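A.B. asks: The lines below spell out each chain.
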Amino acid sequence: MKKVSKIFLGLVVAIALCSVSAEAQKYFTRDGVISFHSDAPLEKIEAINKSVTSVLDSESGAMEFAVLIKSFHFEKALMEEHFNENYMESGKYPKATFKGKVKNMSDIDLSVDGEYSAQVSGDLTIHGVTKAVETIGTFKVANGAVSAMSKFEVAVADYEIKIPKVVKDNIAEIVEISVAIDFKLLEQ
Amino acid sequence: MKKILLAGLVLAVAGIGIGYYMWNKPHQNIAKTKPAHTLAATSLVDAYQADEAAANDKFLGQVIEVSGEVTKVSMNADGTSQVMLKSNDLLASVTGNLQESEASYVESLKAGDQVTIKGECTGMLMDVILERCVISNKE
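These protein sequence lines map, in sequence, to chains A and B.
Residues 476 to 663 (the numbering used here) make up the first sequence, in order.
Residues 16 to 154 (the numbering used here) make up the second sequence, in order.
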């Protein structure tokens, strides 16, 4: 009888442990959307990138993004050219990345439908320069589908992106970045 | 004096014209561009996985033509579409983001088909990405 109880207890503990770790999921996408917007006295500049990769670990809150600079599309070809060749030097720095975490992940349950405010902090690398950033985002869970969005501002000069005086009125010093990601569960 | 004024005016108009053209110049016509490289999707991914920096030196920003087996096709709401091509790595593909003009051709594509796409290589994240693609082997 004692042996059976021990085994039974062992089983219960094992199952309990399993159900705790089953909560932890990795979410992933290859088609995230990041767009940015710059409102300068002379001009409005907008670009969109629909090939953003992102990974989210719902247990640790670890979150990563990677984008290819040349995948940003502008309406005007000339703007896209200047963006790549003169400002971002995308031949030299083809990617921008974010490696960080959702600080309040323990308050967020992605298995339950709803909207959750997320405090995100981490390292943002643009144009070869890495800076610590903090921002607020929102997770939305609807019918089990997880999506994330965020809007934050970046000072162009922080990343050693040089805007020549000649076009200073055409390009804002602060750029607003919008992130919109539809995550899928990563099947292991 | 009049001649100088006239010459000046012509130059000014030409300048404005060129400026206007440059300002509004169209994106590169991928369909009409000769590819810098033509290769198999498997080779392209192999090259990036072997040495990303060297592969970027060769392919980044270039219009390249890539052939391979379709693993996935998706149509976007705005008329653009995407095909993924098989590589030697289960977790990596060549992802071609296609122009709206290709939608009708893409609709008839399915997994397992052989296709050749031509577009601008923008680098590799999980997959090697080609943008503004057209389908090369249209019937």
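It is worth saying that the hints were derived from the structure and are not from the lab.
Remember, predicted model here, so these are calculated numbers, not experimental data.
Treat the hints loosely; a few may be bogus.
[As the list claims (entries may be wrong)] Listed next, the in silico DSS-like pairs over lysine-lysine satisfying Cα-Cα at most 27 Å (straight line):
| # | chain 1 | residue 1 | chain 2 | residue 2 |
| --- | --- | --- | --- | --- |
| 1 | A | K570 | B | K153 |
| 2 | B | K73 | A | K570 |
| 3 | A | K551 | B | K40 |
| 4 | A | K519 | B | K153 |
| 5 | A | K501 | B | K87 |
| 6 | B | K73 | A | K567 |
| 7 | B | K125 | A | K567 |
| 8 | B | K18 | B | K47 |
| 9 | A | K551 | A | K501 |
| 10 | A | K551 | B | K49 |
| 11 | B | K40 | B | K101 |
| 12 | A | K640 | B | K49 |
| 13 | B | K125 | A | K637 |
| 14 | A | K659 | B | K153 |
| 15 | A | K501 | B | K101 |
| 16 | B | K40 | A | K659 |
| 17 | B | K125 | A | K659 |
| 18 | B | K125 | A | K570 |
| 19 | A | K567 | B | K49 |
| 20 | A | K551 | B | K87 |
| 21 | A | K551 | B | K73 |
A.B. asks: Between K18(B) and K47(B), is the straight-line Cα distance small enough, at 27 Å or below?
C.D. replies: violated (42 Å)
A.B. asks: Taking only the CA atoms, is the gap from K125(B) to K659(A) under or equal to 27 Å?
C.D. replies: Status holds; Cα separation ~22 Å.
A.B. asks: Decide if the proposed pair is consistent with the structure: K125(B) and K570(A), CA atoms, cutoff 27 Å inclusive.
C.D. replies: Violated: K125(B) and K570(A) sit about 31 Å apart, past 27 Å.
A.B. asks: Given the hint that K40(B) pairs with K659(A), does the C-alpha gap stay at or below 27 Å?
C.D. replies: At roughly 38 Å apart (the allowed maximum being 27 Å), K659(A) and K40(B) break the hint.
A.B. asks: Hinted pair, alpha-carbon criterion (27 Å max): K551(A), K73(B). Please report holds or violated.
C.D. replies: Status holds; Cα separation ~26 Å.
A.B. asks: Please work out if K73(B) and K567(A) have their alpha carbons no farther apart than 27 Å.
C.D. replies: Distance ~13 Å between K73(B) and K567(A) Cα, so the pair holds.
A.B. asks: Has the given pair, K551(A) with K40(B), been kept, meaning a C-alpha gap of at most 27 Å?
C.D. replies: holds (7 Å)
A.B. asks: Straight-line Cα separation of K551(A) and K49(B) no greater than 27 Å?
C.D. replies: The hint holds at about 22 Å.
A.B. asks: Does K153(B) lie within 27 Å of K519(A) when you go C-alpha to C-alpha?
C.D. replies: Roughly 38 Å separates the two Cα atoms, so the pair is violated.
A.B. asks: Holds or violated: K551(A) and K501(A), Cα atoms, limit 27 Å.
C.D. replies: violated (37 Å)
A.B. asks: Please verify whether K73(B) and K570(A) have alpha carbons no more than 27 Å apart.
C.D. replies: holds (16 Å)
A.B. asks: Taking 27 Å as the top limit, are the C-alpha atoms of K501(A) and K87(B) close enough?
C.D. replies: Holds: K501(A) and K87(B) sit about 22 Å apart, inside 27 Å.
Of the numbered hints listed earlier, those contradicted by the structure are 1, 4, 7, 8, 9, 11, 12, 13, 14, 16, 18 and 20.
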